[in-house]
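Protein chains in written order, with the numbering used here: chain A, 2 to 130; chain B, 2 to 130; chain C, 57 to 175; chain D, 57 to 175; chain E, 970 to 1060; chain F, 970 to 1060.
Hints are supplied without guarantee of correctness; some may be wrong.
As the list claims (entries may be wrong) - When the alpha-carbon atoms are kept at most 25 Å apart in a straight line, the in silico BS3-like pairs for lysine-lysine are as follows:
(1) A:K99 x B:K85
(2) D:K137 x F:K986
(3) E:K1054 x B:K26
(4) D:K114 x A:K66
In case anyone wonders, no lab produced these hints; they're calculated from the structure.
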Amino acid sequence: MKFSLLVLASPYSQQGGLSALQFAKTCLDQGHQLYRVFFYHEGVQTASALQCPQRDEVNLHDQWKELADQHSIDLVTCIAAALKRGILDEGEAKRYEKDHFNLNKPFELSGLGQLLDAQINSDQLITFA
Amino acid sequence: MKFSLLVLASPYSQQGGLSALQFAKTCLDQGHQLYRVFFYHEGVQTASALQCPQRDEVNLHDQWKELADQHSIDLVTCIAAALKRGILDEGEAKRYEKDHFNLNKPFELSGLGQLLDAQINSDQLITFA
Amino acid sequence: MTNEILIIARSAPYGSSLAREGIDYILTSAAYDQDISILFLGDGVFQILKDQNPADIKLKSHLAALEILPLYDIEKLYAVKEDLLERGLDINQLGVKVTVIERSQVDSLIDSQDKVLSF
Amino acid sequence: MTNEILIIARSAPYGSSLAREGIDYILTSAAYDQDISILFLGDGVFQILKDQNPADIKLKSHLAALEILPLYDIEKLYAVKEDLLERGLDINQLGVKVTVIERSQVDSLIDSQDKVLSF
Amino acid sequence: MKLHLIQRSPFSNSALKDCLNTIGENDSVLLMQDGTYSLNHPLLTDIKNPTYALLQDSSARGLTTPASTKAIEYDEFVMLCSQHKHVLSWY
Amino acid sequence: MKLHLIQRSPFSNSALKDCLNTIGENDSVLLMQDGTYSLNHPLLTDIKNPTYALLQDSSARGLTTPASTKAIEYDEFVMLCSQHKHVLSWY
Chain A
2 MKFSLLVLAS PYSQQGGLSA LQFAKTCLDQ GHQLYRVFFY HEGVQTASAL QCPQRDEVNL
62 HDQWKELADQ HSIDLVTCIA AALKRGILDE GEAKRYEKDH FNLNKPFELS GLGQLLDAQI
122 NSDQLITFA
Chain B
2 MKFSLLVLAS PYSQQGGLSA LQFAKTCLDQ GHQLYRVFFY HEGVQTASAL QCPQRDEVNL
62 HDQWKELADQ HSIDLVTCIA AALKRGILDE GEAKRYEKDH FNLNKPFELS GLGQLLDAQI
122 NSDQLITFA
Chain C
57 MTNEILIIAR SAPYGSSLAR EGIDYILTSA AYDQDISILF LGDGVFQILK DQNPADIKLK
117 SHLAALEILP LYDIEKLYAV KEDLLERGLD INQLGVKVTV IERSQVDSLI DSQDKVLSF
Chain D
57 MTNEILIIAR SAPYGSSLAR EGIDYILTSA AYDQDISILF LGDGVFQILK DQNPADIKLK
117 SHLAALEILP LYDIEKLYAV KEDLLERGLD INQLGVKVTV IERSQVDSLI DSQDKVLSF
Chain E
970 MKLHLIQRSP FSNSALKDCL NTIGENDSVL LMQDGTYSLN HPLLTDIKNP TYALLQDSSA
1030 RGLTTPASTK AIEYDEFVML CSQHKHVLSW Y
Chain F
970 MKLHLIQRSP FSNSALKDCL NTIGENDSVL LMQDGTYSLN HPLLTDIKNP TYALLQDSSA
1030 RGLTTPASTK AIEYDEFVML CSQHKHVLSW Y
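All chains should be built: construct the whole structure from the sequences, respecting the hints.
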């Protein structure tokens, strides 16, 4: 089956991001396809490369990156939700005249059309809040 | 009177940050002292200089900065809560070997002792969640 | 391909941005020619109250966003009768045209759709 | 100067980080020699359940954090009886030593303190 | 004598209920943010404590304040905070 | 035939209540995250729908699963999602 995930949970304030990661790994273990992970609402914080969790905490950003590198999963961060929350890539940093940025590949910024595409073209879209 | 504020709310996901700002302005208008604003939990996101709200949205980061510049208010961000959520200043960026950072003066990173100090040394500590 | 998509709006506006982010998703879906319905359920029924005046709290009007839905041909709006009643709201206090349905009808409304998502 | 500070712990652990962040504040306050009491109220009573085993969900044990409180001389722990009962919990299921008080006693407990903060 | 700030909707969150379960007879309640959705909630009609609601927050939401509740602005919000020993937020 | 994911505590959030208000007779309920605090909630004892709980989430919290609820792991969680037309999250 083709799954997509919608992550609304804030990575270090709520459990939803951990649940989504575990769900994603189990999907892949079972041979399902993971079509896209879409980060929206507070979930966009997951994309920040500046997160420095403690050593005994899961680094959600790194774990998603690793999973995406191994299985070429689309990690899409909603651009409108991300920009207001201070998540931007190099291009947006230039556009908004910021000296710094915090979003790198494989995370990417894109519009809500990518969530719609995931909802339409996956058999199942599961929300983690 | 001496007030301090504890901001737990995420700046662009909840209303608490807007309420806290309005409360702070009213305090100062009434001649009260604002001893410290402490950002904890999701409130630490307020300190990110990378936030790019839309033009018809309040820029909470800039508004706090302006208020602090005018009235020399302490804007303290909990360092432990901030680091895991990807909020760091230049010094922490070096320590954690990150190429970028997003926290500048007048926001500063410090420990929970600053919240305790605010609670003890203010007449009133008001929480905005 | 046009899908029938139901958005369940469960969040009250202003306190959380979820209500607004749900509407943003609805407008995007409409722009891509999907057949959208909206079900206001639980605290989501507060989204459709008339006379919202959020300028004072420096937030954008949620009702104004809902009012442009007809321009996108989104006209299938439902609200749950019991959820309105529990909150002391009657149909005269609503600012957009909705079809009031009973809780017992929600199940089959959801089942009739190709896709469902809630905010 | 030592203040009597009451922390009201209202959040269930694990789903939200607030419960943990409250404990972090308590440990800080204790390190600065404040006289701390903790009141577990509402869903906060779930913090003191025994046999927590969060390694499987990759989170740190909340109970383990509570168990070190006596090392900081924090021994005034209270839990609300009715909130335990509503959640089907009895005293045998608790992992730390608490004084069970009734809802009617909460008001005067709070009033007796110099400072109060809830998480 | 405490001031309780209710910051969440009583229909989706237990903030108001948890507060009223333990409220003292000399305490006051202030509804703010989504807490203003409590304005016509049955739990509030049963209490004798002074009840306030932040006007900006209720009018933003299209809510009207019943006679039993006093609509206030930030000026009075700050003043109420200065007049109570403890101010507790419920969220 | 829907699968409902309950992701919040029923004592502090209306997720479970809102879900059960409108649940269909052929639907199933899966408790996860703080939703596992629902395990002994009165609302659940009244329903006839199949009820599941994510074992990792309940054991993390020190909760035991009553006989009326089936404890499952992520394997079965994914399988349940693949077997239902709609999967709805309540939070």
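Status of the hints after comparison with the structure:
1. A:K99 x B:K85: Roughly 22 Å between the alpha carbons, so the hint for A:K99 and B:K85 holds.
2. D:K137 x F:K986: Between D:K137 and F:K986 the Cα gap is close to 24 Å, so the pair holds against 25 Å.
3. E:K1054 x B:K26: Status holds; Cα separation ~22 Å.
4. D:K114 x A:K66: At roughly 18 Å apart (the allowed maximum being 25 Å), A:K66 and D:K114 satisfy the hint.
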